[in-house]
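Colleague: As a plain string of letters, each chain reads:
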Amino acid sequence: MLEARVTKVLGEFRLEAELTTGSGRVTALFGPSGAGKSTLAACLAGLIDPDRGRVSLDGVELFNSENGTRVAPERRRIGLVFQDARLFPHLSVKGNLEYGLVRTPSIERRVDFDTVVALLDLKALLSRRPRTLSGGEKQRVAFGRAVLTSPKLLIMDEPLASLDAARKSEILPFIERLRDELAIPIIYVSHVIEEILRLADDVVVFSHGKVVRAGPAVETLNATAVVHGADGDPASVIEAVVEAEDPGDGLTALAFGGHLIYVPAIAGQAGDRIRLRIRARDVALARSKPHDISVLNILAGRITEISAGGIGHTDVRLDIGGGLWARITRRSANELALRVGQEVYALIKSVAIDRGGTGAGG
Amino acid sequence: MEALSLSPLETEALGLSLRVALWCVALSLPLAIAVAWVLARLDFPGKVVVDGIVHLPLVLPPVVVGYGLLLLLGRRGPLGAWLYDVFGITVAFTWEGAVVASAVMAFPLMVRAIRLSIEAVDQGLESAARTLGSTPLGVFFSITLPLAWPGILTGMVLGFARSLGEFGATITFVSNIPGETRTLPLALFGLTQVPGNEGAALRLVVLSTMLAFVALVGSELAARRIRARMEG
Chain A
840 MLEARVTKVL GEFRLEAELT TGSGRVTALF GPSGAGKSTL AACLAGLIDP DRGRVSLDGV
900 ELFNSENGTR VAPERRRIGL VFQDARLFPH LSVKGNLEYG LVRTPSIERR VDFDTVVALL
960 DLKALLSRRP RTLSGGEKQR VAFGRAVLTS PKLLIMDEPL ASLDAARKSE ILPFIERLRD
1020 ELAIPIIYVS HVIEEILRLA DDVVVFSHGK VVRAGPAVET LNATAVVHGA DGDPASVIEA
1080 VVEAEDPGDG LTALAFGGHL IYVPAIAGQA GDRIRLRIRA RDVALARSKP HDISVLNILA
1140 GRITEISAGG IGHTDVRLDI GGGLWARITR RSANELALRV GQEVYALIKS VAIDRGGTGA
1200 GG
Chain B
14 MEALSLSPLE TEALGLSLRV ALWCVALSLP LAIAVAWVLA RLDFPGKVVV DGIVHLPLVL
74 PPVVVGYGLL LLLGRRGPLG AWLYDVFGIT VAFTWEGAVV ASAVMAFPLM VRAIRLSIEA
134 VDQGLESAAR TLGSTPLGVF FSITLPLAWP GILTGMVLGF ARSLGEFGAT ITFVSNIPGE
194 TRTLPLALFG LTQVPGNEGA ALRLVVLSTM LAFVALVGSE LAARRIRARM EG
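Quick note, the sequences are listed as chains A and B, same order.
Just so you know, we're using our numbering here: the first sequence kicks off at 840 and counts up by one.
Just so you know, we're using our numbering here: the second sequence kicks off at 14 and counts up by one.
If you want a taste of the chain A side facing chain B, the calculated C-beta under 8 Å gives, among others: (1) Leu886; (2) Glu913; (3) Gly918; (4) Leu919; (5) Phe921; (6) Arg925; (7) Phe927; (8) His929; (9) Tyr938; (10) Gly939; (11) Thr943; (12) Arg984; (13) Thr988.
Some chain B residues near chain A, calculated using beta-carbon distances under 7 Å: (14) Gly137; (15) Ala141; (16) Thr148; (17) Leu160; (18) Met243.
Taking CB as the label site, the calculated pair distances span: (19) A/Ala1000 <-> B/Phe57: 33 to 39 Å; (20) B/Asp56 <-> A/Gly1096: 56 to 62 Å; (21) A/Ala1147 <-> B/Phe57: 55 to 61 Å; (22) A/Leu965 <-> B/Ala236: 24 to 30 Å; (23) B/Phe202 <-> A/Gly974: 55 to 61 Å; (24) A/Asp953 <-> B/Gly151: 23 to 29 Å; (25) B/Glu233 <-> A/Glu905: 54 to 60 Å.
Bear in mind the hints are in silico, worked out from the structure with no lab data behind them.
C-beta atoms are modelled at their ideal positions from N, C-alpha and C, and glycine is treated no differently.
Based on the provided sequences and hints, a complete structural model is requested.
Modeller: This is the structure in structure tokens:
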């Protein structure tokens, strides 16, 4: 377990963060660009010295401004994956992978070379030079290079940020495999909600150099406004279980809070836990159960909160066995005479659901 | 064919020039790399002064450098006397002295080239190497040095060429002694001082030019190979 409390002033910017990794495998450090996530990652890895604070990993003190403890980065046993893969251009892929491995004392080695090569599908790349690799391949090599040092903690600092959308979805499964196959706790730094939804067990929400909230992923994300999409609209995160595989009409049924939710077919088996992010503006409300309507997902729920929203619209929070935000026009809200405690129906268009898988164990 | 074989004077001057130049590069390289690294990577008060001292031989008249060396390393100079008393070493008026003179003259050129190439090494790679378990010294030898290697090679060639061409500091410090300190430029200078040696002088000019050209082309080819290997 990592425990950190650091203060670092860089010009105008002030990082003042307290961080504890949860019991889960992946703790996400989530926040907008410029929130200080990378600075914090560098402080943890020992590349930057905090002005004040204390960092400890599995009970071993790595930094303490009070007693002057300052363990060098090469002795911290923290692996770091950078946004720009930072492969060594003068070494082959194999040379890059072995760089950290040979510098790890043999009694500390728990991660096997062949295992990592198989896990990350690197066999065909071993003799290549980094310059000849695509962005996604470089990042896979960087993952392998870091885990081959058998770190006690792996920090991935925006590892997908320099890749395009297609590459990202190619690489995400590899990160899931690392998470599931190697027992290395991961701190995953990102500003992209989809990655967080898919990977994180716990989330630490970061803003302006400060931790805003921390805890289990779904609860933490729902409790903050940061679930907002790139468009700034609020959204809800729910965790559902695959109920039945695609019966042939291109849909998968998910069970959530006593409801069935239909989403476009996903590659999952019955029992898999899936996280969904539902944008508030994709949810409509009805006071009575509508019939003869194309929308498949009609979920009964109770209004728990009506917030002012913005000009012309109101955000309504429902309890449908979990929280769900709906954004409707203020006029609709008035005409329906919505109030807290009322029973209503939420209408969600199936196609409006983002998928974020959480792997086998969830 | 007679014209293609070297005369004893030419052989002697050429051999001496090569010996002095090779020793000059070999001896000053480690120090040049160290100073280049310090100037490229560290920030400390007085850095400007260190930078200035390193570059001084580049702007001083070589005769001044040679005379300075004589004052310092001559038999009665503070450092020269100590070297003689403790180790029995004499530098002034020996070929070793010629090595010292050209090393001092070549040093700023070597430092400049190496410093530029060290500055061009991405420090992100160096910090990545640290997180992979490398000590700062290990990072220097496994990352910084191999990546700066083309620039180091350039520095070596510049130093080698500067040493081949060294004249002013050498003649002031170690004089023009046949078989001891009479390198190619000094032999050429000697020939031009006596009328009737135009032909012999011209042969030395051609020899010096060929030597410098071979060094430059050789280093360029080597640098290309290094670059090609790095870029895979």
